[in-house]
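When you get a sec, could you build the whole thing from the sequences and use the hints?
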Amino acid sequence: MPPQPLGTARAARAFFGDLATSDTALRQLLHGLPGVDQAGAEARAAFLATRSVKKDSKLFALELAIAMIDLTTLEGADTPGKVAALCAKALRPDPADGDVPHVAAVCLYPDLVAVARREIGDKGVAVAAVATAFPSGRATLSVKLADVRQALDAGADEIDMVIDRGAFLSGCYGQVYEEVRAVREACGEAVLKVILETGELATLDNVARAAWLAMLGGADFIKTSTGKVSPASTAPVALVMLSAVRDFADATGRRVGVKVAGGIRTAKDAIRYLVLAYETAGEEWLHPSAFRIGASSLLNDLLMQRAKQLSGAYQGPDYFTVD
Amino acid sequence: MTLEYAPAPESRDVVRIEGSYGLFIGGEFVPPLSGGSLRTVNPATEETLAEVSAAGPDDVARAVAAARAAYEGPWGRMRGGERAKFLFRIARLLQERSRELAVLESLDNGKPIRESRDVDVPLAAAHFFYHAGWADKLEHAGFGPSPRPLGVAAQVIPWNFPLLMAAWKLAPALAAGNTCVLKPAETTPLTALLLAEVCQQADLPPGVVNILTGAGDTGAALVSHPGVDKVAFTGSTDVGKEIQRAVSGSGKRLSLELGGKAANIVFEDAPIDQAVEGIVDGIFFNQGHVCCAGSRLLAQESIVDPLVERLRRRLATLRLGDPLDKNTDIGAINSRVQLDKIRHLADSGDEEGAVRWSPPVTLPERGYWFPPTVFTNVSQSHRIAREEIFGPVLTVLSFRTPAEAVAKANNTPYGLSAGIWTEKGSRILWMAEQLEAGVVWANTYNRFDPASPFGGYQESGFGREGGRHGLAAYLDV
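Protein chains in written order, with numbering that gives the first Met the number 0: chain C, 0 to 322; chain L, 0 to 476.
Among the hints, erroneous ones may be present.
[Claimed, not checked] Here are the computed lysine to any residue pairs in the SDA-like style, where the Cα-Cα straight-line distance is at most 25 Å: (1) L:325 with C:38; (2) C:53 with L:13; (3) L:325 with L:312; (4) C:267 with L:118; (5) L:325 with L:1; (6) C:54 with L:316; (7) C:307 with C:320.
[Claimed, not checked] Which chain L residues stay away from chain C? Per the calculated CB distances, all over 10 Å, these: (8) 26; (9) 40; (10) 73; (11) 76; (12) 79; (13) 97; (14) 143; (15) 146; (16) 147; (17) 354; (18) 359; (19) 370; (20) 439.
[Claimed, not checked] A short list of chain L residues far from chain C (calculated; beta carbon distances all over 10 Å): (21) 6; (22) 17; (23) 128; (24) 139; (25) 325; (26) 347; (27) 362; (28) 442.
These are computed hints drawn from the structure, not numbers from a lab. Note that beta-carbon positions come from the ideal geometry of N, C-alpha and C, so glycine has one too.
Printed below as a string of structure tokens:
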């Protein structure tokens, strides 16, 4: 029998049964989760950062990290040309080496989805769109849903939505839950990633609660950050989210993925996240279907480290394409 | 393929081990007068690392005389501010040579390099830094206007934290103006001998620190030598009692830091993932060779089963093996003798009806190894719930109310440490007040800092080490 984690049995009943979605009922559920001790979580995350990943393990980790990337551009200055270049890079990250896997997805604003869809076709890289008034989430539900539908109509495979942090922090859990549910429905078969924007949630207890709320609402992935708020993804936050998906899987049998995003620029950082996933959630999360890394410049560092691992020598940055 | 970490061994070439070592007396390494020797082995491989001298009574007399001469000579006359400079110098040298010390400690003791590198060596340096600061401020430490040192301190230390225990003993003694004769444990003499080299490098006046390697009879001769003013011992309660008998009536001052059987108490409202980490740190840190180890898990009955399930899953991720591998979590048991003791007590658990569980691990063929082990279905009356095992063996007991937790936690002849896990601050304070333990950790375990006093109640000993309180053990107050 799989272990029955504390505090999740009730959550599982609620999940399978008729979940009362009043703020009070959700408050009882979320505040009944085991607390997170900040100092302890930070110490554990720092400990896992000391793992030494070398040789074959390193090569494996580097290639896995490449395959887990959601290659991202989320700038006001994005153009169809920029997106086309991003898609080419996503499909064939290293023009000199066909053995490098393609990335998991490209991630962009909804209005550029059509361009990406055209470039990528059905070559295996997913097209993800940030929607629901990204990054602030400050819009009415109808606007958010329209945002989602447009992205889907233009050919998006995945939707990265943001939660309403204002509603969450003021205790309006029912509102956050209903929004996730509504977007879930609008998504149909598309993959739904729910961005918690942990940099605005302030405590690790809140991170755990928001994670559960998103999972109960039907998220396929829970995601740390938009990348527009500092701090973005941190190791303790990822640790708490990975513990949450592990407990949720134990309680419900459903594996929810985790996406870390924002500020992850080096291969070393990426490998540390893989170690966190491996030792916290378990081996089953070491797959692009369950773990993603939202990044842009990270990809070239992974390629550079991979080439070093294979050839024994570093190549200059000019041997890797800028985009 | 999965992310199975490839071997990442620390190089052992960073440290030079001599074939044989003399005794460190009067600032130099000298051959023993009595001529005995003993071998120290790497417990992970059983290979012999070096031969060290076994000091006899004549050597003890010589070392005590050297310490006396230094006390009545340069060290006794030196101002505190000057003594501080030597302590700072030793602290910095420990940092500079930290890699050497860490590798040597892991080779001789069997503990994972991660622990010797991240805990033992940095904390040893921190103790010298901290006490260096006290050396010229003793008159402001609350012990009157001019507290005096005691004289020659005889210090006998255990094998579980060889370098760190040497630092805990030497740093406060030297800061207070005493001179020292230190005897490291029989199975782990090498880092103390490297520390002797550091003392030479720091130009510490000859005789201020003397290091005598040897077995139990060396220690017995040292503590009962009439030229000694102060005895400090860390080790087993049985030996502590012998020492107390040996020094009674002699006028020597005594401090003892002995065994423990600490309760790590987890309430149903605990931060559960961090509590699991704390349980692991509490009993599997340093293979459980820790006097303040949280060897008795007291879990509230409402959560005991899910807590143990979580603990089992976590233990399955522990990595046991080569102590020099940077990813190793559990190293080797320090000696054959200790391994036999752990096996014997664990077997008594089986016989008394407790249920033994270990994660699937492959133990190396050579060396001394014991898997991380959890006993459930344990009663307060079982030997494994009462006796100090000093190994990676956790016993799980349950309780219903806070009062019962206190009663069970205190129901031991020991009283060194305890842990409390709950999100309720008022309960932490109430529990800490009730627990008869020298150290109480709340929502953490096995945290040490030189500014924080450490020591026990009852058969865990008396006297404190660290902080302002620790100075009292080396001052005439």
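Tested hints:
1. L:325 with C:38: holds, 24 Å
2. C:53 with L:13: Distance of about 20 Å is within 25 Å: holds.
3. L:325 with L:312: holds, 22 Å
4. C:267 with L:118: holds, 23 Å
5. L:325 with L:1: holds, 19 Å
6. C:54 with L:316: This hinted pair holds, its Cα atoms lying about 21 Å apart.
7. C:307 with C:320: Cα-Cα ~16 Å, so holds.
8. 26: With a cut-off of 10 Å, residue 26 of chain L remains clear of chain C, as the shortest Cβ separation is near 38 Å.
9. 40: holds, 26 Å
10. 73: holds, 43 Å
11. 76: holds, 45 Å
12. 79: holds, 36 Å
13. 97: Holds, since 15 Å exceeds 10 Å.
14. 143: Residue 143 of chain L clear of chain C: closest Cβ-Cβ about 38 Å, beyond 10 Å.
15. 146: Residue 146 of chain L clear of chain C: closest Cβ-Cβ about 36 Å, beyond 10 Å.
16. 147: Label holds. Min Cβ-Cβ 41 Å, cutoff 10 Å.
17. 354: holds, 17 Å
18. 359: holds, 15 Å
19. 370: holds, 19 Å
20. 439: Residue 439 of chain L is indeed farther than 10 Å from all Cβ atoms of chain C, at 16 Å.
21. 6: violated, 8 Å
22. 17: Check passes; 30 Å lies beyond 10 Å.
23. 128: Consistent with the label, residue 128 of chain L stays out of reach of chain C, its closest Cβ about 22 Å off (over 10 Å).
24. 139: holds, 32 Å
25. 325: Per Cβ check, residue 325 of chain L is inside 10 Å of chain C; nearest 4 Å; violated.
26. 347: The claim stands: residue 347 of chain L keeps its Cβ more than 10 Å from every Cβ of chain C (closest is about 29 Å).
27. 362: holds, 22 Å
28. 442: violated, 5 Å
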